[in-house]
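Asks: Letter by letter, the chains look like this.
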Amino acid sequence: MAGGGSFAPPALCRKPREAAISHSPSAIVTHSSSSPAPAVSFVNVSRHFGEVKAVDGVSLDINDGEFFSLLGPSGSGKTTCLRLVAGFEQPTAGSIQLHGEEVANLPPYERDVNTVFQDYALFPHMTVGENVAYGLMIKKVPKPERDKRLGEMLELVRLPGLAGRRPSQLSGGQRQRVALARALINHPRVLLLDEPLGALDLKLRQQMQIELKAIQRQVRITFVFVTHDQEEALTMSDRLAVFNLGKIEQIGSPAEVYEHPATAFVAGFVGVSNLIRGEIAQAITGSAQTFSIRPEKIQLRDLGQPVSGDEYSVEGRIRDVIYLGMHTRYLVELSGGSDLTVVEQNLRTTSMDVLAARGRAVRLVWQKAHVRPVGN
Amino acid sequence: MNTKLISKYFGGLALASILLAACGGAATPAPAGGPVQSVGTGEGEVSIVAWAGYIERGETDPNYDWVTQFEKDSGCKVTVKTAATSDEMVALMNEGGFDLVTASGDASNRLISGGKMQEINTSLIPSWSKVDPRLQDAPWHTVGGKHYGTPYQWGANVLMYNADVFGNTPPDSWNVVFEETTLPDGESNTGRVQAYDGPIYVADAALYLKAHNPELGIKDPYALTRDQFNASLDLLRQQRALVGRYWHDAFIQMDDFTNEGVAASSSWPFQVNFLQFSGVPVASVVPSEGATGWADTTMMAIDSKHPNCAYKWMEWSLNPKLQGDLAAWFGSVPAVLDACTGNELLTDAGCDTNGLGSFDKISFWKTPTTDCGDGRMECVPYHEWVTNYIAVIGGR
Amino acid sequence: MATSSPTRKSLWHRLSTFFYLRPGLTLAAMLAAPLLWLGVVYVGSLFALLLQSFFRLDDFTGQVVRRFTLYTYSQLFTAANIDIMIRTSGMAAAVTLACALVAFPVAYYMARHAEGRAKAALYLAVLLPLWSSYLVRVYAWKLILAKEGIVSWFISQLRLDWALDRILQLPVIGGPSLSVSMLGMWLVFVYVWLPYMILPIQAALERVPQSLIDASGDLGARPAETFRKVILPLAFPGVVAGSIFTFSLTLGDFIIPGTIGNSSYFLGQAVLSHQGTAGNVPMAAALTAVPMVIMAVYLIIAKKLGAFEAL
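Protein chains in written order, with the numbering used here: chain A, 1 to 376; chain B, 1001 to 1396; chain C, 2001 to 2311.
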């Protein structure tokens, strides 16, 4: 059960950022006027398990045809939100609408949504074909029609010829595709995906990310995608919502969320950020307002190199060097005592060069435009 | 009172003993010499294979103890191995290592003919003269004039009936359990009578036919020709329609008389005593046709390691106090008639209640074989009694 | 952890290492005793028993003739014995069916709804009867079902005696009273073996992931359809496991048919009679082979139905 158990009640009463929720300025998908209502709409939805507030006053609109991700650490309430859409959970309070229709008290089998489960949830006693065609069988679609659509679906997920196998005879990636085909065969208006790639290895996961995206463009169905992997969310989503402690911290396009994190949590969770606060912030910017700066935005320069007017700079000493092949991560100790992370592409340097940098005093420089003030 | 009746439940154990017996060593040949000529001092112990409840040392009820005193007097420590069925007794004795066995009439002859028992020198047993003379030469322990044991106890399969149902016209015939009839309370006996579910009950039917169908020529209900046997089975099939449930467990039968409205059945004095003691209005009779019954004998193994103690026990087993106490405990009749008077536990009426007066009307149990006992070898053997009686109870 | 000094290690230490490096030997040492038990005591005695069934009883002497023959098996198929086999398997089948029907809802509740204390209490309630003597429980049922017992009393209080009488007048299952009828015996069998059905079904249901049930509903199946298409097929191995218990336990029981019912023989009683009093060990052994064959057929059918695929 998502959201339960390890979830801790919020210590601070955070209010969702008005700005973050109310506008979604750069939604990539423009939807037709024939479907004015959002595909999924949450209005002040809460789901409490006893004392635990798994979902706590979430409001959210997902547009028709969008690839929308719910991103957050485990226990942040994202999976519970998904289960609320599917109908496996009923909200404690609030309204849930699918295409303008109130569904809060509809059972799953009366909702036009389908789910790809984290563990795939393939029926072990059925063949792949029976699994995929299950929804059609339940709807009493005639056998020839069923077989035709089954064939199409297996084609779509690139598993033709495996209809006779048992799920136990398939690899993880293949099971994943079967689960996807099974959920798509009913042509739902919204497809829910609960960390579907979590069990796959890195290579396969990246391949499936591309495929999923391609399939979504092909079938033009709203995808609601739950993940804790920020890279995955950034890669695939049209928009995403960042969850923390049962609430939404920020909603926006990947670029917005990455470039303009609304809160310190978002800045830290989406990508890597250096958070600079207090006296050091004062020393750099002249204001004690906490700000974030992405490691890849920081340049390493030798001491004494010039700094232009639209740049901030601070001096430090390279405490550690982590060589990562494509790039190198430097941990730089500032004179105030805190560390900053800097990432540089290994354009010309070799591993020998970068490792020799350890202990060197350096100047860190970044564009003022890349600094994001964040809430505390 | 765990009698052999109850312990039939545990007969499954006997299967194991049969297997063991099948693998057991060969019998040691009988010694050429005759019986023991004198009894010396005890060897310190004696082991007895017995029915449950036959050798009591006061552990169930302190009033019933006939072992402690013997051990004190003789210095022979008694160990008892209880057996559930006659077959188990035979198997145990074949295994060896025991001195004595309280064998019933069906086991005793098998043991004697198997060469497992030794002749008893009755002159070494002073109380032999006190044994009911009708038992002294009984064929189940006397072969070719030789005695192979001392009689222990006997009992009859009486007709028990509900006194309220029969009122002042008590039954005097087994016909109330064999023929459909209206009982004195005005209702049919259908569904209100019982019969024993052991195949030996065929003999009860034969005994009834012996009296009522003399043209069949039945002499011994345990030696039946094919025609006599088939006639008995027909009678039993007729009885099947009357019997709700057959009994094999004394406590179940007592419960059926108490809670199921059973009016009449063949039974043992034990159940009669017990039910009367519990206030259930039952009485018993040995009907005019007579009854079947059983008689047990204390017999001595041919390879007994403790013959002196064994002789001391056989002598002790015949003392009136033990005989009377045991008869009261087991619902049986003592082999020593002196036990019938002056025994506190049995009371003076006890022997009559348990069937003493009916001795002549009782056909004692023995294993049917092809040997008809009169030179003919065409009688129906016991294993056919089993298969056929099972079929009758099953409605065939 | 390797110590640098190669000095003497304790015997225990060396023994542990010896066995650690030889997993085959460890396994052999561990299994020797149970295998010996299984092979010699269990299979051995079974073999000795079956061997007996190929001997025969000599009609004349009443002795077992130790020479190979199929005579005893040919004697097995008399009308009376076939009656016994049909009666016993029929009862076993009826008991199994009833146990499955009663056990399933209980097991379902235990596996999918009850939590914490309620679950522990249910476990206790299911297992508690097994802690008391089987004989005592059967005797107790005899009293409960007796003509003057509590069930009859209760039914007469409800003024339904006519219905009970009507049922007891039915052929085969009826009799003078519940306690003297096949119907009563069936009730007692169902009661006595029910825990053996509940527990395997409960275990099987517990192994069905919630996500499968969610998935079925998600794909449009109503709860009844989900039950039929997903839960039941997945719990079926548990039902089969339970039915193996109830079926074989009923096949072999000789105490209930001897206490409740109309005294018609069941297989166990027939074995006891032939062996216990008649000394016809070959026939008893042959009769023992009957439930073995019935169970073998049963297991083959169960396997064909795919009951063991999820084991």
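What the hints contain is simulated information worked out from the structure, not anything from laboratory work.
Note that CB positions come from ideal geometry on N, CA and C, so glycine has one too.
Heads up, a few of these hints could be off.
Said to hold, decoys possible - The calculated lysine to aspartate or glutamate pairs, modelled on EDC-like cross-linking and capped at a C-alpha distance of 16 Å, are: (1) A:K139 with C:D2083; (2) A:K140 with C:E2225; (3) C:K2229 with A:D64.
Stated by the list, open to error - Chain B residues, not near chain C, derived (Cβ > 12 Å throughout): (4) V1036; (5) V1039; (6) G1058; (7) T1060; (8) L1124; (9) S1129; (10) N1175; (11) R1192; (12) H1212; (13) N1230; (14) Y1246; (15) W1247; (16) N1259; (17) E1289; (18) I1302.
Stated by the list, open to error - Quick list of the computed label-pair ranges, beta carbon to beta carbon: (19) C:E2225 with A:H370: 51 to 59 Å; (20) C:R2137 with B:S1278: 20 to 28 Å; (21) C:I2300 with A:G172: 51 to 59 Å; (22) C:M2295 with B:G1217: 23 to 31 Å; (23) B:V1280 with C:Q2169: 25 to 33 Å; (24) C:W2131 with A:P142: 53 to 61 Å; (25) C:H2013 with A:A356: 33 to 41 Å; (26) B:S1278 with C:Q2169: 31 to 39 Å.
Asks: Give a verdict on every hint.
Replies: Hints versus structure:
1. A:K139 with C:D2083: 49 Å, violated
2. A:K140 with C:E2225: Holds - the C-alpha atoms of C:E2225 and A:K140 are around 12 Å apart, at most 16 Å.
3. C:K2229 with A:D64: Roughly 33 Å between the alpha carbons, so the hint for C:K2229 and A:D64 is violated.
4. V1036: 30 Å, holds
5. V1039: The claim stands: B:V1039 keeps its Cβ more than 12 Å from every Cβ of chain C (closest is about 35 Å).
6. G1058: 25 Å, holds
7. T1060: 18 Å, holds
8. L1124: 33 Å, holds
9. S1129: 35 Å, holds
10. N1175: Correct as stated: the minimum Cβ-Cβ distance to chain C is 20 Å, above 12 Å.
11. R1192: 8 Å, violated
12. H1212: Non-interface label stands for B:H1212: nearest chain C Cβ at 25 Å, farther than 12 Å.
13. N1230: 15 Å, holds
14. Y1246: Not fine: 4 Å to the nearest Cβ puts B:Y1246 too close to chain C.
15. W1247: With a cut-off of 12 Å, B:W1247 comes too close to chain C, as the shortest Cβ separation is near 8 Å.
16. N1259: Check fails; 4 Å does not lie beyond 12 Å.
17. E1289: 23 Å, holds
18. I1302: 20 Å, holds
19. C:E2225 with A:H370: 51 to 59 Å: 56 Å, holds
20. C:R2137 with B:S1278: 20 to 28 Å: Given about 23 Å between the Cβ atoms, the range holds.
21. C:I2300 with A:G172: 51 to 59 Å: 35 Å, violated
22. C:M2295 with B:G1217: 23 to 31 Å: At 48 Å between Cβs, range violated.
23. B:V1280 with C:Q2169: 25 to 33 Å: 28 Å, holds
24. C:W2131 with A:P142: 53 to 61 Å: 56 Å, holds
25. C:H2013 with A:A356: 33 to 41 Å: 49 Å, violated
26. B:S1278 with C:Q2169: 31 to 39 Å: Given range 31 to 39 Å: holds, Cβ gap about 32 Å.
This entry does not satisfy hints 1, 3, 11, 14, 15, 16, 21, 22, 25, going by the numbered hints stated previously.
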